[in-house]
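**Student:** Chains B and Z supply the protein sequences, listed in that same order.
Positions 1 to 199 (our numbering) are the ones given, in order, by the first sequence.
Positions 1001 to 1263 (our numbering) are the ones given, in order, by the second sequence.
No lab work stands behind these hints: they were computed from the structure.
Heads up, a few of these hints could be off.
Simulated restraints on C-beta separations [what the hints assert, rightly or not]:
| id | chain 1 | residue 1 | chain 2 | residue 2 | range |
| --- | --- | --- | --- | --- | --- |
| 1 | Z | Glu1108 | B | Cys67 | 43 to 51 Å |
| 2 | Z | Ile1079 | B | Ala43 | 37 to 45 Å |
| 3 | B | Arg88 | Z | Leu1220 | 53 to 61 Å |
| 4 | B | Ala179 | Z | Gln1008 | 18 to 26 Å |
| 5 | B | Glu121 | Z | Gly1047 | 46 to 54 Å |
| 6 | B | His32 | Z | Gln1128 | 53 to 61 Å |
If you're wondering where the values come from, they're calculated on a predicted model, not measured in any experiment.
Using N, Cα and C, we set each Cβ at its ideal position, and we do this for glycine too.
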Amino acid sequence: MVFVAEPVARLVEALSKLPGIGPKSAHRLTYHILDSPDEEARALAEAIVALKEKIRLCSTCFNVTDCDPCVICRDSERDSSRVCVVERPSDIVPLERTGKYKGLYHVLHGSISPAQGIGSEQLKVRELLTRLENGAVKEVILATNPNLEGEATAMYLRRVVTSPDIRVSRLARGLPFGAELEYADDMTLSQAIEGRQEF
Amino acid sequence: MGAPRSYQTQALIIGQFKLGEVDKIVTIYTPEFGKLKAVAKGAYRPGSKLGGNVELLTHSLMMLARGRNLDIVTQSQTIDAFTELKGDLWRMACGLYVLELVDSFTVENDEDRPLFDLLLDALRWLSQSDHSEIVLRYFELQVLNYVGYRPELYRCAVCGSPVKPVVNFFSSDRGGVLCPRCGQKDALSSAISVDALKILRLWQSCDYATARRVVLRRGLALELEQVTCQYINYLLQREVKSMAWLHELRRSQMVVDNGRARN
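Here chain B stands alone, though its shape is the one from the complex:
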């Protein structure tokens, strides 16, 4: 980019590395930041730096946090006999939003994906098993995504959590709210029929 000043080109290049941001969007964002007041631009830069400097993983549940243990793990009001296993830190937000779950979490940081060479070693599976060893946890809720990788991860965890004192449950699977029966795939429909409940 010979016609563009070096700082502009640098920011365009940095922004275009973000997911979903192409070179055109990166240009638009760069000129928006350039036009915005100094303090706004500074706040954005400081927020990005603080994110990288202050955020780490909770040593218990591996959620992203700025304090260790994280706010969920240190909350004595929560039910520590239940652990809900999720793939990503971002999966905790919608579960918390429901207000229905008051237990703890464990973040795997991914799901088993053989074709991408991701097995249990690359996930926080060993850490989960170590966490379950002290006998305090009575239920493990598998909340991995309802797709092939999520299923593989759930089935694998079901296999390796062998303690007879721990109940292993899986989030209900079936038809999502707002969907149409006509377009549901066979797998979802068969799971919806198998998992039907008294109404």
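Got chain B; can you put chain Z on it based on the hints?
**Tutor:** Frame of chain B, contents of chain Z only:
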């Protein structure tokens, strides 16, 4: 008259990766066009009409629209969801391995109807059979036949002399079996037993109904796996990633079994 803007095809979904927040790029294997990549828009959105119809290990009837770079999946109806494969950890891993093998050995837009049929059959066999090791080895040998890497199992790949029923050698580099004299000179070859060679020869040319009648001892099954996997890794110049997962599952099953035995 140009090519029609949309077309319908059967498809086996053999690969996928996420595109943006909710879209997905699927690699499909079709009877008419061979391997293709296409965009399934909104496939990750809950309630998407494509959703489970464009999931790995699914046989679908698809409608695709021609796009500038990649074609776009406009409709997909499941013909077979292979629920037996998806509901069992080991079978699913075997299914993913055969998909990766086909994805690795094929190029896009190269029609190969017999390979499509073989892949479809292999997924059905894996769904129904309790002898997944036989299905995998038989499938590997058949894929090698189709893609032009059929190993030489009757004559020494160096001197050309007929192979005798003694312990011989297998060389991935030479693409076949070596007689004891040539094998000992080739540091990269490994010994192959008479039984293993007989089974490879049989599976190379028989149909599946005959192949599955073979009764495999554990040691022999491992030897066959070693020979075919080494050859495949050599041809691809990399390891088949799904094979590592099969090995991990086998190890974890042993740990679980040992734990149960102790309790």
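**Student:** Tell me the numbers of any earlier hints that the structure contravenes, in ascending order.
**Tutor:** 2, 3, 5
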